[in-house]
Amino acid sequence: MGMELNRRNFLSATISAAGLVAMGPLLSACGGGGPSRAGVNSGSGLNAVLPAYVPNTSIKPDIASVAGGPDVMTDPGFLSYPANRVATVSGVPGKGGKYSAVTPLWGTIPPADNAFYQAMNKALGVQLEMKPADGNNYNTIIPTMTAAKKLPDWIDLPAWWNSNFNTGGLVGNQLADLTPYLSGDNIKKYPNLAAIPTAAWRAGAWGDKLYGIPAFSTGYKIAGCIFYRRDVLEAKGITADQVKSADDLMNLGKELTDAKAGVWAFDDVYRYFYTAFGAPLKWKVDNGKLVHLFETQEFLDAADWHRKLAVAGYIHPDALAGDNAGGNTRFYAGKALIGGGGTGAWNLADHQSGQAANPNYRRGAFNFFAADGKSAPRVDVGSATDIISYFNANLKKEQIEELLAVANYLAAPFGSAEYTMVNFGVEGTHFTVENGAPKPTEAGQKEVQAQTYPFLAAPSAVISNQSAPNVTKDMTAWQAANVKALSKPVFWGMNISMPQAQATADAAQPVEDTLKDVIHGKKSIQDLKDAATTWKSSGGGDRLIQWMNDNVLQKFGTGQ
Amino acid sequence: MTTLRSGRAERPARLNWRIRLRRDRSLILMTVPAVLLLVAFNYVPLFGLVTAFQEYDPLAGVLNSPWAGFYQFERLMGDPLFWGAVRNTLYLSFVQLILFFPVPIALALLLNSVLSLRIRNFIQSVVYLPHFFSWVLAITIFQQMLGGAGAVNHFLRNNDIGTWDIMTDPDSFALLVTSQVIWKEAGWGIIVFLAALAAINTDLYEAAAADGAGRWRRLWHITLPGLRSVIVLLLVLRLGNALTVGFEQFLIQRVAVGHDAAEVLDTFSFYYGIATNDYSYGAAAGLFKSVISLLLIWGANKLAHAFGEDGLYRK
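Protein sequences appear in the order of chains A and B. Residue numbering for the first sequence is 1 to 560, as defined by our numbering. Residue numbering for the second sequence is 1001 to 1315, as defined by our numbering.
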């Protein structure tokens, strides 16, 4: 799972770098003005249909979840794999139906109709034909299916591509409305789905109706954080709690950079740090007035800080040359010691890669702090998941119910018998148990390792790094220490579909381009100011703000 | 006029088309697959150009998207970023024409003068090789060598000589990309010139040498005239492609030097069309480029004919 999470985050980052979406579906935009749009989730309307939440208590984590604000909580931690694999589904969920499913896969596509698929079909009681498609080209594969109106019965549409897929236009049109099956207490028929927190269902809701089934949801969804090489910094006597302001961070640049030795303190951190200056993720409401990020002084301050970091020579030259893909290699090799990234980067695979480069390798993350060092730290949360699957609108009622029962099986909690089957396959064939943890066999690596079924439905996230419990301890401790800083931004979970012209203005490519030049020290803050002004006047910015105000803020409020 | 053109056959007399069809039947059959490919992948997609006159919505499809007339083109004309991309494209194209175009010719002449077949083949293989690398790899190699953390700068830094910031300097970007192109493509470019050189009658050299012509005289009076038609043909194609300077090379280095220096028409279409879902705008930029390219290639071909060369086709 580690690798997949890594790649997803990488993709997410690439896309936001391209200026498409800032954070998942938070402000997803749909192209064109032709077909009808699902519109916006309103507060009260959606609350009336959201499924009931019935947490599962059969499997206790080693490190319990810590609650933060509303819809915010840390992921529970498991230091070892649960020995007693509880069964949560009795009997076989399916009734022999025949279906097809398409999911994105970043890795080697497993052979079709392999032993694992056959075992899964037997366990699920359906003929579910899995058709994993290349994740790197997924955003171009799916539009050809939707244009031909040939979607499979069950499909995963990651929310960071909502604008590419025009998910807001597909729901109710090519994708089935699940509201009658899942709203309120109806979901209790599917206890494992009911154990997915309510916030996750919002991510798949459009126009106050339920369409998507969430996977890998979390109460700790943030854009990312600033990572550091804990082993290297602690060896120099620097601990995370000493870093409390933007100035502290800047000083680390001076202390840690040793260009002659080929070591630079920083990789890019802007995208994971700008909100620390008090800048909004994208929108804020100031005395009832809607304000865009580009209109704020805090945005300029954040860019200027990063510009100074670059000009001072504290950022690795390859990062300045735009080589983001090499960031991990630089981090493992100790050539760049501090870098921003999605929290998905912190996992077992990372630990193993890092230790391969340096046996002392330990990843750490700075606590969230406000740039001035005085204000209370604040981090915006995103919607609870980006991995969402949908049913084809052509399915009949019985078929939808059958597939929901299958989804219920797939969403069985971490460590259960079903979870073990979905993620590791058949014991003896696909995995063996070593030190209490399932270890994939060769067949398992070929057929199961790649994530397929969980992209259709999966339980909410847990932190578990078998064979490296210390990573789990580090992560859960960091999450718990920072959970109070997480808060919902405006328009949280509202899945806004906007017309083409607004979507283009929302992407704000010219400003994003100038911003990149500024934070790499190639342009001045005045250039960024000018770009933002031009964007507002002739780039559609003012019209976007007006549209958001009239169609979202005034009609539906902030969604907070 | 025709009599003055050396090495050119007289145009055959027009035959009845039936007779010609019967005569060329097998040749025509052989070209059919290539023509079909061309039609399927080059001509049929031209239909998509209508999106440049629409507010194209991928979900609604081409047929149902609303019409926008010349709105996208009006936007283009008023977009300073677009004109920046045009300026960059023309500038880079010009620099490459001056600095890159002569390199394969010179290399071919040089190689041709090497007598040992073994050394010649070896050099040829070495200079061909980079052509088969992807741009990602080529630029990574440049970054590893010349980048801020690369081998050269590491050496300079450790000897306190200061650093050479070539990979991220927008002012020298044109020279950087041209040297990358030379490194990667010059070897490949010599193939056609070597073929043309091989076609020159060696008797001419012997005769000239017997008449006391030196190396330079032979080069000037025999070799270069022998290459002339190939050079002109490639020059015409080059001019027609003046607005196509490459895509990946600029996409990869766009962040490094900033979009002001690295934005060319193709990356503009990508970032401001496809990446922001503004398909019609990207299509309009692409169409604009195609029309200008067509005019350029037509003009260059006319010019070639005016100078008595074949150009793209024989007049």
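Everything labelled a hint here was simulated from the structure, so no lab data went into it. Check each hint, because a few of them may be wrong.
[As the list claims (entries may be wrong)] If you want the footprint, here are the derived chain A segments under chain B, 3+ residues with CB under 8 Å:
(1) 76 to 83
(2) 157 to 171
(3) 314 to 328
(4) 500 to 513
(5) 518 to 530
[To be verified] Partner residues aside, some chain A positions facing chain B, computed with beta carbon under 10 Å:
(6) T146
(7) G207
(8) Y332
(9) G334
(10) K335
(11) S537
(12) S538
Nothing here was measured: the structure is a model prediction, and the numbers come from that model. Even glycine gets a Cβ: it sits at the ideal position worked out from N, Cα and C.
Hints, one by one, checked against the model:
1. Counting residues of the region 76 to 83 of chain A whose CB lies closer than 8 Å to any CB of chain B gives 0, so the stated coverage by that chain is violated, three being the minimum.
2. For the region 157 to 171 of chain A, the stated coverage by chain B holds: 5 residues have a C-beta nearer than 8 Å to a C-beta of that chain, and at least 3 were required.
3. Requiring three or more residues with a Cβ within less than 8 Å of a Cβ of chain B, the coverage given for the region 314 to 328 of chain A holds, as 7 such residues are present.
4. Under a criterion of three residues with beta carbons nearer than 8 Å to beta carbons of chain B, the stated coverage of the region 500 to 513 of chain A is upheld, 7 such residues being counted.
5. Closer than 8 Å: that is the beta-carbon criterion, and the region 518 to 530 of chain A has 3 residues meeting it against chain B, so the requirement of 3 holds.
6. Here the hint on T146/A is kept, as its CB sits about 7 Å from the closest CB of chain B, short of 10 Å.
7. For the restraint placing G207/A at the interface with chain B, the shortest Cβ-Cβ distance is roughly 16 Å, beyond the 10 Å limit, so the hint is violated.
8. The beta carbon of Y332/A is not positioned within 10 Å of any beta carbon in chain B (closest approach about 15 Å), and the interface hint is therefore violated.
9. For G334/A, the interface hint is violated, the least distance from its beta-carbon to any beta-carbon of chain B being 13 Å, above 10 Å.
10. Taken as an interface hint, K335/A checks out: its beta carbon lies about 7 Å from the nearest beta carbon of chain B, inside 10 Å.
11. The interface hint given for S537/A is broken, as the beta carbon of that residue sits about 12 Å from the closest beta carbon of chain B, more than 10 Å.
12. Residue-level restraint check for S538/A holds (minimum Cβ-Cβ distance to chain B is 8 Å; threshold 10 Å).
Of the numbered hints listed earlier, those contradicted by the structure are 1, 7, 8, 9 and 11.
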